[in-house]
Amino acid sequence: MELFFQLLINGVYVGAVYALYGLSFALIFAPTKVWHFAQGGIYVLAGYALYSFNVILALPLWAALVLAIALTSAAGAGCERLLYRPLVNRGVSHMVVVMASLGLFVVIENSMDLVFGPSGLSLRIDPQTPWLVSGVVIMPIQIIAPMVALAITGLLALMLYRTMAGREFRAAITNPELLEINGISVSRIKLYAFAIGSAILPVAALLLISGGSGVSPTVGITAVLTGAMAMFLGGVDSPLGAAVAGFIIGIVENLSVFVLPTAWQVSITYGILLLVIMIRPTGLFGRAVQKATV
Amino acid sequence: MKTITKLLASTLIAGTVAVGSTVASAAEITVGLVAGLSGGGAQIGQWMVQGAETAIERINAQGEETTFKLVAEDTQWNAQKTVEAFNKLVSVDGASIILVGGSSPLQAVAPLADQQDIILFNIGAQSPAVAGIGRNVFHALQLSDVDIGVMAKYAHDELGLRKLGVMYVNNDTGKFTQAEFVDKFKAAGGEVVAQEAFNQNDSNFGVQLAKLSAAKPDSVYLVGTPAELPFAVKQARQIIPDVNIVSYAGIESQELLDAAGDAANGIVYSTTYFDPKSDAEQVRMFVGEYMERYGGEPVSPYITYTYDAMTILARALSKTGGEAGTALRDKILDIRTFPVITGDTVFRDDGTVVKAIAIKEIRDGAFALRKVIDPQ
Numbered sequence: 010m011e012l013f014f015q016l017l018i019n020g021v022y023v024g025a026v027y028a029l030y031g032l033s034f035a036l037i038f039a040p041t042k043v044w045h046f047a048q049g050g051i052y053v054l055a056g057y058a059l060y061s062f063n064v065i066l067a068l069p070l071w072a073a074l075v076l077a078i079a080l081t082s083a084a085g086a087g088c089e090r091l092l093y094r095p096l097v098n099r100g101v102s103h104m105v106v107v108m109a110s111l112g113l114f115v116v117i118e119n120s121m122d123l124v125f126g127p128s129g130l131s132l133r134i135d136p137q138t139p140w141l142v143s144g145v146v147i148m149p150i151q152i153i154a155p156m157v158a159l160a161i162t163g164l165l166a167l168m169l170y171r172t173m174a175g176r177e178f179r180a181a182i183t184n185p186e187l188l189e190i191n192g193i194s195v196s197r198i199k200l201y202a203f204a205i206g207s208a209i210l211p212v213a214a215l216l217l218i219s220g221g222s223g224v225s226p227t228v229g230i231t232a233v234l235t236g237a238m239a240m241f242l243g244g245v246d247s248p249l250g251a252a253v254a255g256f257i258i259g260i261v262e263n264l265s266v267f268v269l270p271t272a273w274q275v276s277i278t279y280g281i282l283l284l285v286i287m288i289r290p291t292g293l294f295g296r297a298v299q300k301a302t303v
Numbered sequence: 007m008k009t010i011t012k013l014l015a016s017t018l019i020a021g022t023v024a025v026g027s028t029v030a031s032a033a034e035i036t037v038g039l040v041a042g043l044s045g046g047g048a049q050i051g052q053w054m055v056q057g058a059e060t061a062i063e064r065i066n067a068q069g070e071e072t073t074f075k076l077v078a079e080d081t082q083w084n085a086q087k088t089v090e091a092f093n094k095l096v097s098v099d100g101a102s103i104i105l106v107g108g109s110s111p112l113q114a115v116a117p118l119a120d121q122q123d124i125i126l127f128n129i130g131a132q133s134p135a136v137a138g139i140g141r142n143v144f145h146a147l148q149l150s151d152v153d154i155g156v157m158a159k160y161a162h163d164e165l166g167l168r169k170l171g172v173m174y175v176n177n178d179t180g181k182f183t184q185a186e187f188v189d190k191f192k193a194a195g196g197e198v199v200a201q202e203a204f205n206q207n208d209s210n211f212g213v214q215l216a217k218l219s220a221a222k223p224d225s226v227y228l229v230g231t232p233a234e235l236p237f238a239v240k241q242a243r244q245i246i247p248d249v250n251i252v253s254y255a256g257i258e259s260q261e262l263l264d265a266a267g268d269a270a271n272g273i274v275y276s277t278t279y280f281d282p283k284s285d286a287e288q289v290r291m292f293v294g295e296y297m298e299r300y301g302g303e304p305v306s307p308y309i310t311y312t313y314d315a316m317t318i319l320a321r322a323l324s325k326t327g328g329e330a331g332t333a334l335r336d337k338i339l340d341i342r343t344f345p346v347i348t349g350d351t352v353f354r355d356d357g358t359v360v361k362a363i364a365i366k367e368i369r370d371g372a373f374a375l376r377k378v379i380d381p382q
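Which chain is which? The protein sequence lines are A and B, in order.
In short: position in the first sequence from 1, add 9, done, that's our numbering.
In short: position in the second sequence from 1, add 6, done, that's our numbering.
Chain A extracted, bound-state conformation:
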């Protein structure tokens, strides 16, 4: 049973990071309907921003995080303002936007490769002393990460359900036309969605890196695919559902190898996603809301 609990602890830890991926992807997709694959590039940028501020400029970790959040938030908003909005305003098809997003992802990924090299880099983080509890190794970050993910999810839930801005955000998910009729700028909400969704990524990157991981140009693809998977599993109109789904994916991905070889880990996770989508196309927490028309 030691292995089971070890995998469960790992699953909750990784799930916390996945929850933030999912939250980030869904916060952007839900009100904008943009397949923001460049989110993978923004995640890579977040990692290198943390590295640059913490290692090259020798700033404390907290300062590096704050600056990385500011940078990625601006980069996310820049994507909306300088790439997606001009394309949408020109009436291009959905696929053109998707391809533009993929192109931006690749450009960011390869730019980081050119500047920092393809090898993995580490931040200045002291190695953690793990606790041994009944044969199960628990590292402090494995406790901290779920708490951070839950706190961020809770704050966003408060914002979405207890503030006027949150109400407008939720309305933009289902009825953007009605918002416009009422004089509320949907463009402004979309800009905020990109900025807030992108701001979450340095936190996710730091939680993962603190567990002994690092920064490399190729980490973005996992982040964006897992984020998208969490959104589908949680429900495309439910950012909070995406966060919960992130935890579920992390736990399932880890526990699945309790009986199966690790080489099957990713296949099992995608298989479960496929099954859920076939049974419940709206995702676990999504609703088939009838769209208002005018």
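Read the hints as simulated data drawn from the structure, not as lab findings.
Fair warning: this is a prediction, and the values are worked out from it, not measured in the lab.
Just so you know, even glycine gets a beta-carbon here, dropped at the ideal spot from N, CA and C.
Please note that the accuracy of each hint is not assured.
Claimed, not checked - As a list, the in silico SDA-like pairs of lysine to any residue whose alpha-carbon atoms are at most 25 angstroms apart:
#1 B:K169 <-> A:L141
#2 A:K42 <-> A:L269
#3 B:K181 <-> A:A272
#4 B:K222 <-> A:V268
#5 B:K222 <-> A:W140
#6 B:K181 <-> A:F14
#7 B:K181 <-> A:F267
#8 B:K181 <-> A:L141
#9 B:K377 <-> B:D268
#10 B:K169 <-> A:M10
#11 B:K222 <-> A:F267
#12 B:K169 <-> A:P139
#13 B:K222 <-> A:I286
#14 B:K222 <-> A:G144
#15 B:K222 <-> A:P139
#16 B:K222 <-> A:V21
#17 B:K222 <-> A:G112
#18 B:K159 <-> B:A362
#19 B:K181 <-> A:Y279
#20 B:K222 <-> A:F14
#21 B:K87 <-> A:R133
#22 B:K222 <-> A:A272
#23 B:K222 <-> A:L264
#24 B:K222 <-> A:T138
#25 B:K169 <-> A:A272
#26 B:K222 <-> A:L269
#27 B:K169 <-> A:L269
#28 B:K222 <-> A:I288
Stated by the list, open to error - For each label pair, taking beta carbons as the anchor points, the in silico distance ranges come out as:
#29 A:Q137 <-> B:L375: 29 to 39 angstroms
#30 B:T332 <-> A:G280: 46 to 56 angstroms
#31 A:I153 <-> B:D285: 21 to 31 angstroms
#32 A:I153 <-> B:K222: 25 to 35 angstroms
#33 A:L293 <-> B:A221: 28 to 38 angstroms
Claimed, not checked - A partial selection of chain A residues facing chain B, derived with a Cβ cut-off under 7 angstroms:
#34 Q15
#35 P127
#36 G129
#37 L141
#38 V145
#39 V146
#40 L264
For chain A, the structure is supplied; the task is to place chain B on it using the hints.
Quick look at chain B alone, frame taken from chain A:
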């Protein structure tokens, strides 16, 4: 999705790298280099280019009759892209010699090279399956049945390791290296208690290490690329702190030392013998030229494999009057023994080589030699 990303990557960014003289002369030979220069494992490809560039600069500056021009193509370690790059190098760039890294890519182009009388030099593939795959294929490094077999026996007999766990990247290199080590470790009398795979570019290894830890090994054999290895090492030290880590040539790089820090200390691995501190003139020349060009010591065997390949080719071509193809192939086998920076390289008839193998250890943040083994 990943394919689309990679396709875009190669189209948008990677492109073609061309170095060396741009002024064609009658005796200028175009050498192609096909390797992954972007995406996962790109660091290895870039080390190969560095080795080739350093050698070509030296050879061209010597005023020999034959000079070289290097054209490097990014294949992202994909066999199909390697075939496309091969065809482009031969038909567009006029390359008569091509340096290839990676087992599947080498297997894909070996028949084409024989058909078109192109000389292929293996600068990174370790699979035993590439031995004798083509009449025109030569190897600058030992294949894994020798190198990894030596390490497996050393791990059992001299390090006293008995219960092995294996953690390997789920690609060609990872799978055959793991299989080879497991076979040889068992043959030496050891027990393999767990074998766990991870995906290329993974950065979290909690699952694999949890399963390995549960099997209670006294050692872990680790195979991956420079993108994963530092983090696999760091996490292994956290989750299974007392375990011995053994590895292969791919672990040797300054980048690993920088990223893994103190966690790398104690790792024992095998690689082709090369001593950058050697007093031998050609080694001192190579290290000096490399450091001048790239600003650091040449700490990766892939740099030396490629440098050696170019040195061997230059020497053989000086005897053929610059003629490549069959004449070059015959001359390499005729000369057979080449003193290069990794020691004497002796070619067998099938193009494979016999070289000294070094068992090294990472000690105090540096690569230290434990033993040199002559497999002959």
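Each hint tested on the structure:
For the proposed pair K169 of chain B and L141 of chain A, the alpha carbon gap of about 22 angstroms is at most 25 angstroms, so the pair holds. A hinted pair counts as satisfied when its Cα atoms are at most 25 angstroms apart, and K42 of chain A with L269 of chain A does not qualify at roughly 37 angstroms. Restraint check: the Cα-Cα separation between K181 of chain B and A272 of chain A comes to about 11 angstroms, which is no more than 25 angstroms; the hinted pair holds. For the proposed pair K222 of chain B and V268 of chain A, the alpha carbon gap of about 17 angstroms is at most 25 angstroms, so the pair holds.
Taking the CA atoms of K222 of chain B and W140 of chain A, the gap is about 18 angstroms. The hint holds against a cut of 25 angstroms. Straight-line distance between C-alpha atoms of K181 of chain B and F14 of chain A comes to about 29 angstroms, which puts the hinted pair past the 25 angstroms bound. For the hint linking K181 of chain B to F267 of chain A, the alpha-carbon distance of about 22 angstroms falls within 25 angstroms, and the restraint holds. Taken as a hint, the K181 of chain B and L141 of chain A pair is broken in the structure, with Cα atoms around 33 angstroms apart against an allowance of 25 angstroms.
Between the alpha carbons of K377 of chain B and D268 of chain B the distance comes to roughly 22 angstroms, so the proposed pair stays at or under 25 angstroms and holds. For the suggested pair K169 of chain B and M10 of chain A, the alpha carbons sit about 21 angstroms apart, so the restraint of at most 25 angstroms is met. Annotation: proposed proximity of K222 of chain B to F267 of chain A holds, straight-line Cα distance about 16 angstroms (limit 25 angstroms). Among the hinted pairs, K169 of chain B with P139 of chain A is consistent with the structure: their alpha-carbon atoms are about 24 angstroms apart, no more than 25 angstroms.
With a CA separation close to 39 angstroms, the supplied pair K222 of chain B and I286 of chain A exceeds the 25 angstroms bound. Among the hinted pairs, K222 of chain B with G144 of chain A is consistent with the structure: their alpha-carbon atoms are about 12 angstroms apart, no more than 25 angstroms. The suggested pairing of K222 of chain B with P139 of chain A holds, with an alpha-carbon distance near 17 angstroms, which does not exceed 25 angstroms. Using a Cα cut-off of 25 angstroms, the hinted pair K222 of chain B and V21 of chain A holds, with the two alpha carbons roughly 23 angstroms apart.
Proposed proximity of K222 of chain B and G112 of chain A is contradicted: the alpha carbons are some 46 angstroms apart, above 25 angstroms. Taken as a hint, the K159 of chain B and A362 of chain B pair is honoured in the structure, with Cα atoms around 16 angstroms apart against an allowance of 25 angstroms. Annotation: proposed proximity of K181 of chain B to Y279 of chain A holds, straight-line Cα distance about 23 angstroms (limit 25 angstroms). A hinted pair counts as satisfied when its Cα atoms are at most 25 angstroms apart, and K222 of chain B with F14 of chain A qualifies at roughly 16 angstroms.
Taken as a hint, the K87 of chain B and R133 of chain A pair is broken in the structure, with Cα atoms around 38 angstroms apart against an allowance of 25 angstroms. A distance of roughly 20 angstroms separates the Cα atoms of K222 of chain B and A272 of chain A; the hinted pair therefore holds under the 25 angstroms criterion. Simply put, K222 of chain B and L264 of chain A have alpha-carbon atoms about 19 angstroms apart, close enough for the 25 angstroms limit, and the pair holds. In summary, the hint linking K222 of chain B to T138 of chain A is supported, as the alpha carbons are separated by about 20 angstroms, within the 25 angstroms threshold.
Taking the CA atoms of K169 of chain B and A272 of chain A, the gap is about 21 angstroms. The hint holds against a cut of 25 angstroms. Between the alpha carbons of K222 of chain B and L269 of chain A the distance comes to roughly 18 angstroms, so the proposed pair stays at or under 25 angstroms and holds. Taking the CA atoms of K169 of chain B and L269 of chain A, the gap is near 21 angstroms; set against the 25 angstroms cutoff, the hint holds. Between K222 of chain B and I288 of chain A, the direct Cα distance comes to roughly 41 angstroms. Violation of the 25 angstroms bound is thereby established for this hinted pair.
For Q137 of chain A and L375 of chain B, the Cβ-Cβ distance of about 33 angstroms falls inside the hinted range of 29 to 39 angstroms, so the restraint holds. Between T332 of chain B and G280 of chain A the CB atoms are about 53 angstroms apart, so this pair conforms to the stated range of 46 to 56 angstroms. The supplied range of 21 to 31 angstroms is broken by I153 of chain A and D285 of chain B, whose beta-carbon atoms lie about 52 angstroms from each other. The hinted window of 25 to 35 angstroms between I153 of chain A and K222 of chain B holds, with their beta carbons roughly 28 angstroms apart.
For L293 of chain A paired with A221 of chain B, a C-beta distance near 35 angstroms keeps the hint of 28 to 38 angstroms intact. Here the hint on Q15 of chain A is kept, as its CB sits about 4 angstroms from the closest CB of chain B, short of 7 angstroms. At its closest, the beta carbon of P127 of chain A sits 4 angstroms from a beta carbon of chain B; the interface hint therefore holds under the 7 angstroms criterion. Because the smallest distance between the Cβ of G129 of chain A and any Cβ of chain B comes to about 5 angstroms, under 7 angstroms, the interface hint for this residue holds.
For the restraint placing L141 of chain A at the interface with chain B, the shortest Cβ-Cβ distance is roughly 10 angstroms, beyond the 7 angstroms limit, so the hint is violated. Because the closest C-beta pair between V145 of chain A and chain B is about 9 angstroms apart, greater than 7 angstroms, the hint is violated. For V146 of chain A, the shortest C-beta to C-beta distance to chain B is roughly 5 angstroms, which falls under 7 angstroms, so the interface hint holds. For L264 of chain A, the shortest C-beta to C-beta distance to chain B is roughly 9 angstroms, which exceeds 7 angstroms, and the interface hint is violated.
Comparing the model with each earlier hint shows violations of hints 2, 6, 8, 13, 17, 21, 28, 31, 37, 38, 40; every other hint is respected.
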